[in-house]
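Chains as they are written, first to last, in this note's numbering: chain A, 3 to 350; chain B, 19 to 320; chain C, 78 to 312.
Source of the hints: derived by calculation from the structure; they are not laboratory data.
It cannot be assumed that every hint is accurate.
Stated by the list, open to error - The calculated label-pair distances, taken between Cβ atoms and stated as ranges, are:
hint : chain 1 : residue 1 : chain 2 : residue 2 : range
1    : A       : Ile22     : B       : Leu291    : 47 to 57 Å
2    : B       : Leu291    : C       : Gln207    : 45 to 55 Å
3    : B       : Leu291    : A       : Tyr79     : 21 to 31 Å
4    : C       : His149    : A       : Ile171    : 53 to 63 Å
5    : B       : Arg307    : A       : Ile18     : 51 to 61 Å
6    : B       : Lys106    : A       : Ile279    : 24 to 34 Å
What the hints assert, rightly or not - From the derived model, a few chain B residues whose C-beta atoms are all more than 12 Å from chain C:
hint : residue
7    : Ile28
8    : Gly289
9    : Val295
Quick caveat: nothing in here was measured; it's all calculated off a predicted structure.
Just so it is clear, CB atoms sit at the ideal spot from N, CA and C, and this is done for glycine as well.
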Amino acid sequence: MLKKHPLITFIIFGFILFLISNRLDELIVYHGATVGIYVIAIASLILLTGYSGQVSLGHGALLAIGGYAAVLARIHYNAPVWLTFVVAVLATAVGGALLGMAAARLSGPYLAGTTLALAIGLPSIANQFSVFGGEQGLSFDIGFPPASLGEDFTQYKWYFWISWSAALIAMYWLRYVLHSRYGRSWRAVRSNDVAAELAGIHVGRNKVLAFTISAGLAGLAGALLGMTISLVSPGVFPLLLSFSLATGAVLAGVTTLGGVMIGAVILVAIPEIALAIANRYGGSETIITNLPGLLVSGLLILTVLLVPNGPVEQMHARRAKHAKSGKASHSPVELTVRVGSKTWSTKK
Amino acid sequence: MSQFLDMFLIGISAASIYSLMAISMVLVWRSTRVVNFAQAGMALLSAYIGYELVSRTGNFWIALPLAMILGAAFSAFIEFFLMRTLLKNSSQGPIAAIAPIIATLGLLGVIHAVLGFIWGHGDVQLEAPLSKVGYTVGDTTLFIAPMGLFVIGFVIALLFVVTILFQKTNIGLALRASAYAPEIAQLSGVRVSGIRTLGWAIAGAAGAAAGILQTVNGTGAINPDSLEFSLLLVFGFIAAVIGGLESLPGAVLGALILGLVLAFVQIYISGTLVFIVAFLLLLALLILRPQGFLGSKVGRRA
Amino acid sequence: MLRINGLTVSHGAIRALDSVSFSVEQGGLTAVIGSNGAGKTTLMRTLSGLKSADSGSATWNDHNLLHGKPEHHVRQGISHVSEGKSVIPQLTVEENLDLGALWRRNPSEAKASKAEVFELFPRLEERRAQQADTLSGGERQMLAISRAYMARPQLLLLDEPSLGLAPLVIEQIFQSIRHIVDSMGVTVVLVEQNAMGALKIADFGVVLNLGKIAVSGAASDLIADPAVRTAYLGF
Ligand SMILES: Nc1ncnc2c1ncn2[C@@H]1O[C@H](COP(=O)(O)OP(=O)(O)O)[C@@H](O)[C@H]1O
Ligand SMILES: [Mg+2]
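With the rest of the complex left out, here is chain A:
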């Protein structure tokens, strides 16, 4: 279904989601909205890491750029809500393109360090310029849902609709991009950039483009995040957010977009789980503040240690292994990337 009629699948999926949202508890709808946002943010990171082979440890900083761009457009130009998101995407994409130009020349640890530095330093930048509202930040008010949606259409449901519309559009578009010429050249660059260069692919330009698109998506997620919290401040984009996104991406499996939902749901669930655990132990303040970070980071390490290519890819790999068991145990480790109907493999 997804392979043959992606558009119809996406529309049906969205429709079901919106139907469900009418039946659910307010809090769950709110968490649902956050899941949608994480889907975008994790997809953005996977696009960068899994598909173009670049790594960002400070993706939270890009979300912050989007959040601030959106809120500034809203406050200073009274932009309509949809436009604030467009502004967020564009502003972050421009920032991403600039960063991408530096990044395209860098390999792993340098890029990782640079992005991490950005995520560490960005809050201090926000604190120093009064336009950004300092520590308190700026409040992001998108107003009430349109009256035409009915009396009992709640604010949270409105957030949910907006986030998921954005997520579905973004994912559909991303799927389209990855099937295009660009998507194929990214994969080529990732698996072997020398060979890709020889095959006539402009490696640098491709990396910058991947970084730009990834940043644009991150900016969208940042604006949406600001919307659901009604606030854009340094505290909305802490270092832990960058860690969480890395965890989400690794859990989803950096080689495939198929797992983004898993990553997103786990990220939303973690604070809830932490809260539940804390409540069992008498609502300890220490547990509530520290457990989410411990779970996120611990999960990150465990995933990289135990299922480095993500649980989804691991399952695929195991199934593939079963399918042709009996082959020599010294057969090469094969790497297969699936996107929709296409499969890329290093298998000779």
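Since the structure of chain A is provided, determine the placement of chains B and C with the ligands on it from the hints.
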């Protein structure tokens, strides 16, 4: 003139701490080809350990070397149990290049959370063992105080010891050979995996010293959410990158350059621009001189 | 005595060595020749513990070569000079030499080995304080062999020491190798693409072809054999 002298002194004492941080990142990079982003967390942990040791023994001069030994042990432990497993398990697939990087990020997060569990999110205070009142010359008070002077002197002494260790001893030869050409070192009979652990241990000791000295030379307050320590990571990384990430003298030179530039910005322009300038310096350096000032031909280009 | 029996080694799906068997008597020079991709380097790397084998056995006297890390084998008297200039360019000539004897407990023995090396290659003594990347190709190869010799090996595995060197230099290196065998009592296995040159100084020859042994025997017999000449020596 005194302003210029202050700038110089601020720069040098900041640089001495950055250089310890940079050295520990370089050592880890050379032994396992991993940039250890958990280094700031490990330094922070050491600051807490230092605080505990001082409050138990009541003596900073015992606590400092003890904390360095514990830092070394912790770092070796991480290499032995985490990094070895990691390099074995995730040597395949697209994750291979980034798994170690991501793991150190996870480690940073775990350390932060654990620090929060143990010591809470309020400040604890590690008192400076020496006066922090600046020396006076005539009627001007200089920026430098006995504490600061000790920090600079101690770091210079450590650098001296490290240099002797690396250049003049058999262990140092094994450390260098394993860093430059692990396979040839192995074929020469060097137990490379043990040497890697040793590299991490020395890095841990240097990082622990950085954490404690940073604290006592600053406000003395330690906090798991400390921005100061996160910035220490960034500045240590930048200093290491200036030096080309491979070279120990390069890391020290990088720290000196960075320390002086940032002190200049702080005194003559504005303290609020320090991070931005450091970040732009990093970007400019990476774009214009991808192999670092002292880096070898084997660049950092993808 | 080096005994190799049914040795099979793969790189992923590529089988580089297929059931290779031969043995080498103590004290001789054995040349392993074969064209590019024949599996010569794979053989060397397997014997020194850098590469693991699929099946078969390889022993040096009572020592199992297929078990344990390279650093372990070095201590048992097996040294390997890997393909390419197996020196560390960032270290000085003397440091490269010292590296080879680092594991030896007795510093005076290491000193004696260094003196022997300097006698064999006086050029290295002149350049002892120089960084290895300032050496010429031939000098680097001398240094690589010397570094391995510093471990006082019983069995020395040399992988294409002639690679990229001028004929005159190759001649000199080959003579030194012969000298190491004759007057220092080291057993040498010499891998070469330069088949004729290697067989001329060797006592025994093994011809590898696509991972299998094609012919083996006394080096002089191989040179004399018309079939070997046309197929592997190219004249
Ligand atoms: N690291 C490797 N990965 C995959 N295949 C390899 C590797 N090393 C060697 N091979 C393959 O194994 C075969 C033997 O190579 P090698 O032992 O290097 O031959 P030689 O040294 O005789 O030229 C060749 O087909 C080569 O392509
Ligand atoms: Mg070869």
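Results for each hint:
no., hint, in the structure
1, Ile22/A with Leu291/B: 47 to 57 Å, "holds (50 Å)"
2, Leu291/B with Gln207/C: 45 to 55 Å, "holds (47 Å)"
3, Leu291/B with Tyr79/A: 21 to 31 Å, "holds (28 Å)"
4, His149/C with Ile171/A: 53 to 63 Å, "holds (60 Å)"
5, Arg307/B with Ile18/A: 51 to 61 Å, "holds (54 Å)"
6, Lys106/B with Ile279/A: 24 to 34 Å, "holds (32 Å)"
7, Ile28, "holds (35 Å)"
8, Gly289, "holds (40 Å)"
9, Val295, "holds (33 Å)"
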